[in-house]
Amino acid sequence: MSSNPPNPNSTKDFFASPALSLSLAGIFRHGTGSGANADVEEGEEGSGGGGGVRAGSKDTVEISSENSGPARSPSDEDSDGAGDQDDDNKNKKKKRKKYHRHTAEQIREMEALFKESPHPDEKQRQELSKQLGLHPRQVKFWFQNRRTQIKAIQERHENSLLKTEMDKLRDENKALREAANKASCSNCGTATSSHDAAAVTSEEQQLRIENARLKTENEKLRAYMGKYTSGTSPTTSSCSAETDQTGKRCSLDFYSGKFGIEKSRIVEIVNQATEELRRMATVGEPLWVRSFETGREILNYDEYLKDFSVGQSTKEQTKRSSVEASRETGVVFMDPTTLIQSFMDVNQWQELFSCMISKAATIDVISSGDGASKDGIIQLMFAEMQMLTPVVATREVYFFRHCKQLSTDQWAIVDVSVDNVEKNIDESLLKCRKRPSGCIIEDKSNGHCKVIWVEHLECQKGLIHTLYRTFVQSGMAFGARHWIKTLQLQCERLVFFMATNVPTKDSTGVATLAGRKSILNLAQRMTRSFYRALGASSSHTWSKAPVKTGDDIRIASRKNLNDPGEPLGVILCAVTSVWLPVSHQVLFDFLRDETRRTEWDIMSNGGPVQTIVNLAKGQDRGNAVTIQEIKPKEDSVWILQDSCTNVYESTIVYAPVDISGMQSAITGCDSSNVSVMPSGFAILPEGIESRPLVISSRAEDKSTGGSLLTIAFQVLISESPTAKVNMESIESVNSLISCTLHNIKTGLRCEDG
Numbered sequence: 004m005s006s007n008p009p010n011p012n013s014t015k016d017f018f019a020s021p022a023l024s025l026s027l028a029g030i031f032r033h034g035t036g037s038g039a040n041a042d043v044e045e046g047e048e049g050s051g052g053g054g055g056v057r058a059g060s061k062d063t064v065e066i067s068s069e070n071s072g073p074a075r076s077p078s079d080e081d082s083d084g085a086g087d088q089d090d091d092n093k094n095k096k097k098k099r100k101k102y103h104r105h106t107a108e109q110i111r112e113m114e115a116l117f118k119e120s121p122h123p124d125e126k127q128r129q130e131l132s133k134q135l136g137l138h139p140r141q142v143k144f145w146f147q148n149r150r151t152q153i154k155a156i157q158e159r160h161e162n163s164l165l166k167t168e169m170d171k172l173r174d175e176n177k178a179l180r181e182a183a184n185k186a187s188c189s190n191c192g193t194a195t196s197s198h199d200a201a202a203v204t205s206e207e208q209q210l211r212i213e214n215a216r217l218k219t220e221n222e223k224l225r226a227y228m229g230k231y232t233s234g235t236s237p238t239t240s241s242c243s244a245e246t247d248q249t250g251k252r253c254s255l256d257f258y259s260g261k262f263g264i265e266k267s268r269i270v271e272i273v274n275q276a277t278e279e280l281r282r283m284a285t286v287g288e289p290l291w292v293r294s295f296e297t298g299r300e301i302l303n304y305d306e307y308l309k310d311f312s313v314g315q316s317t318k319e320q321t322k323r324s325s326v327e328a329s330r331e332t333g334v335v336f337m338d339p340t341t342l343i344q345s346f347m348d349v350n351q352w353q354e355l356f357s358c359m360i361s362k363a364a365t366i367d368v369i370s371s372g373d374g375a376s377k378d379g380i381i382q383l384m385f386a387e388m389q390m391l392t393p394v395v396a397t398r399e400v401y402f403f404r405h406c407k408q409l410s411t412d413q414w415a416i417v418d419v420s421v422d423n424v425e426k427n428i429d430e431s432l433l434k435c436r437k438r439p440s441g442c443i444i445e446d447k448s449n450g451h452c453k454v455i456w457v458e459h460l461e462c463q464k465g466l467i468h469t470l471y472r473t474f475v476q477s478g479m480a481f482g483a484r485h486w487i488k489t490l491q492l493q494c495e496r497l498v499f500f501m502a503t504n505v506p507t508k509d510s511t512g513v514a515t516l517a518g519r520k521s522i523l524n525l526a527q528r529m530t531r532s533f534y535r536a537l538g539a540s541s542s543h544t545w546s547k548a549p550v551k552t553g554d555d556i557r558i559a560s561r562k563n564l565n566d567p568g569e570p571l572g573v574i575l576c577a578v579t580s581v582w583l584p585v586s587h588q589v590l591f592d593f594l595r596d597e598t599r600r601t602e603w604d605i606m607s608n609g610g611p612v613q614t615i616v617n618l619a620k621g622q623d624r625g626n627a628v629t630i631q632e633i634k635p636k637e638d639s640v641w642i643l644q645d646s647c648t649n650v651y652e653s654t655i656v657y658a659p660v661d662i663s664g665m666q667s668a669i670t671g672c673d674s675s676n677v678s679v680m681p682s683g684f685a686i687l688p689e690g691i692e693s694r695p696l697v698i699s700s701r702a703e704d705k706s707t708g709g710s711l712l713t714i715a716f717q718v719l720i721s722e723s724p725t726a727k728v729n730m731e732s733i734e735s736v737n738s739l740i741s742c743t744l745h746n747i748k749t750g751l752r753c754e755d756g
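Numbering (this note's numbering), first residue to last: 4 to 756.
Because the hints were derived from the structure by calculation, they are not lab data. Be a bit skeptical, because a hint or two may be false.
FRET-style restraints, in silico, Cβ to Cβ [stated by the list, open to error]: (1) 344 <-> 162: 33 to 39 Å; (2) 132 <-> 637: 50 to 56 Å; (3) 139 <-> 285: 27 to 33 Å; (4) 547 <-> 287: 45 to 51 Å; (5) 411 <-> 344: 14 to 20 Å; (6) 267 <-> 410: 22 to 28 Å; (7) 162 <-> 370: 28 to 34 Å; (8) 609 <-> 304: 54 to 60 Å; (9) 132 <-> 725: 33 to 39 Å.
Derived DSS-like pairs: lysine-lysine, alpha-carbon spacing no greater than 30 Å straight-line [stated by the list, open to error]: (10) 562 <-> 309; (11) 520 <-> 634; (12) 547 <-> 464; (13) 177 <-> 154; (14) 634 <-> 126; (15) 171 <-> 309; (16) 727 <-> 547.
Where is the CB? At the ideal position from N, CA and C, for every residue including glycine.
With the hints as constraints, model all of the structure from the sequences given.
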């Protein structure tokens, strides 16, 4: 960070109009003309599909100059004979471009970085070029060509899928026509017999149903192809929006049945994984050792290798990967049946862990299970896990999920990755795999469950942003504690959502239960939208913005064409992550305190802030939904704010809202069409708690304290979907985020220097 922070008053005139500035809807409309697009990286993508070097760089291509001689007649050429032919060959060789061929070691290093960051920034390219002895432009062109190659492969796969679906559709149409012809007389067109007519009518009905289903799937594939060609990142496999919402088969390019694995073998694998999970969840020392400093349980990996059968290939793979293992126990406010159903339904599961899971899909159902508890169900699933910051790469995991009832009051939900599946996945997409992980659920009556969570991951080693390196390497980022605390928070929210006996002091400003549910639903939708916009999911293309202050700010843009839940048009998102020398709780309390909002929120223009609605959604008073009224000199503005906190992570999400729409929601009307554009903060504690969870002689001993703060602003820069992101818009939102950060530091007395 620069030692000369921006002047917080520098944007005073720019944000002078309270209604305009707080809505953030028309701030930058004057700057939507042609200009530098934030989504376009510098340089164009190469058109070739190989991993070679572009033939336009003077650093990689040498073109010999031609020495032109006097004009020669055909007779002269004939008389010269072989001598002239030799001269021509030499001239052709001189003209031929000489390409630089990378060594195997150089390609391996660039591939390793490509898996972590397909779009490296200038600093990363400079460092890699020095390490490999290449010119930065050579590194830049290699990455461009590699992205083009991946894109070409992806397009071929999608075209193949589309062709297969079209062939199925043609076959069904042909069968339908043949059945209709057999059922009728060639002369008069009537059925040949009542028996035949009835049979054909039934068959025709089934064929029509199947035909409609194939048409639907075909349309989904077309929609997916359209989204992909309009800007979806080609370096990651993704599901279409329709698939994510319905939970049906995902149109993944690598999917082909059960990948050649027999069902009996799958059952054997998940049963072994269930037994390993049960032992990992219940066995104490020496397998698990409790830390005296943090109180957390640490896996003794040497004991693990003794107790559990691990193949030689897995041991070799472990040497090239990092292992994260953790265990956590907690009580949640949910009955076992409902909890199990939430885990086995991909949409409910993603809803429970919306801050951690950016994408999820059920690829196939191997066994459907029995009863409401889904005993015996086996599903092949995909998940993309994220942190609430764009600077930490997501983790894509493919795994079998199995539910098994262990006793009358105990169930196991186990996840395990399988090598045979992963061999069918592009290695550039495979970053993480699950060893037997999951949870043991025990019924404690009265709607409560005891959950023992074990998370055991094997991840590729790669570059991690310095701010989050300790946190990620310690296993805290995607460990058992994160899952348990998030589950407890969401279960509490559901309890308070349905409660009719919430104390008056924790539920003010809303008179009816319908109004309370409407406001809480709107706040939950707003927070989910914030989570989706904030992470490093493959749905976004992040780029660093040029900022004079030196802040590391990332920019991404997207278009909203038909979602009524947020403004229609082009939306710009700016995010920065920083470390602050204050505790997690102090920072959270400062940002949610209405009396101190004017200290950091430059959009309030110094106007008084009053809370007119306060709805508790958890036992901690920090878990609440509020509506705050800001009264500047002119029109008042309402801010909807959703605060969530636990010992692992806290978030504060807010958005200016339409007053008439909110008044209707307070009375109990449906809030699904209320448009919100969320901005906010994500806070992580950073200190002694983030020490490694696996005993290792290589573990670093760092005990620095403080908080990791991520600030995100979203702005509607134009209501026209064809508008371009220009530099003026980028600079304005960067000024907004920089001034807000400066104000936070000033308010907490932790300014730079």
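Evaluation of the provided hints:
Between residue 344 and residue 162 the CB atoms are about 38 Å apart, so this pair conforms to the stated range of 33 to 39 Å. Restraint check, residue 132 to residue 637: a C-beta distance of roughly 54 Å satisfies the suggested window 50 to 56 Å. A beta carbon spacing of about 54 Å between residue 139 and residue 285 contradicts the range 27 to 33 Å that was offered as a hint. Under the hint 45 to 51 Å, the C-beta atoms of residue 547 and residue 287, about 47 Å apart, fit the expected range.
For residue 411 paired with residue 344, a C-beta distance near 18 Å keeps the hint of 14 to 20 Å intact. Distance hint check for residue 267 and residue 410: the Cβ-Cβ separation is about 25 Å, which falls inside the suggested range of 22 to 28 Å. The hinted range of 28 to 34 Å is satisfied by residue 162 and residue 370, whose Cβ atoms lie roughly 33 Å apart. At roughly 56 Å, the beta carbons of residue 609 and residue 304 sit within the given window of 54 to 60 Å.
Our hint of 33 to 39 Å for residue 132 and residue 725 holds, since their Cβ atoms are close to 38 Å apart. Distance hint between residue 562 and residue 309 is unfulfilled; the C-alpha atoms sit about 53 Å from each other, more than 30 Å. Using a Cα cut-off of 30 Å, the hinted pair residue 520 and residue 634 holds, with the two alpha carbons roughly 27 Å apart. A distance of roughly 24 Å separates the Cα atoms of residue 547 and residue 464; the hinted pair therefore holds under the 30 Å criterion.
This hinted pair does not check out: residue 177 and residue 154 have alpha carbons roughly 35 Å apart, beyond 30 Å. Distance hint between residue 634 and residue 126 is unfulfilled; the C-alpha atoms sit about 45 Å from each other, more than 30 Å. A C-alpha spacing of about 51 Å is found between residue 171 and residue 309, which places the hinted pair above 30 Å, so the restraint is violated. For the hint linking residue 727 to residue 547, the alpha-carbon distance of about 17 Å falls within 30 Å, and the restraint holds.
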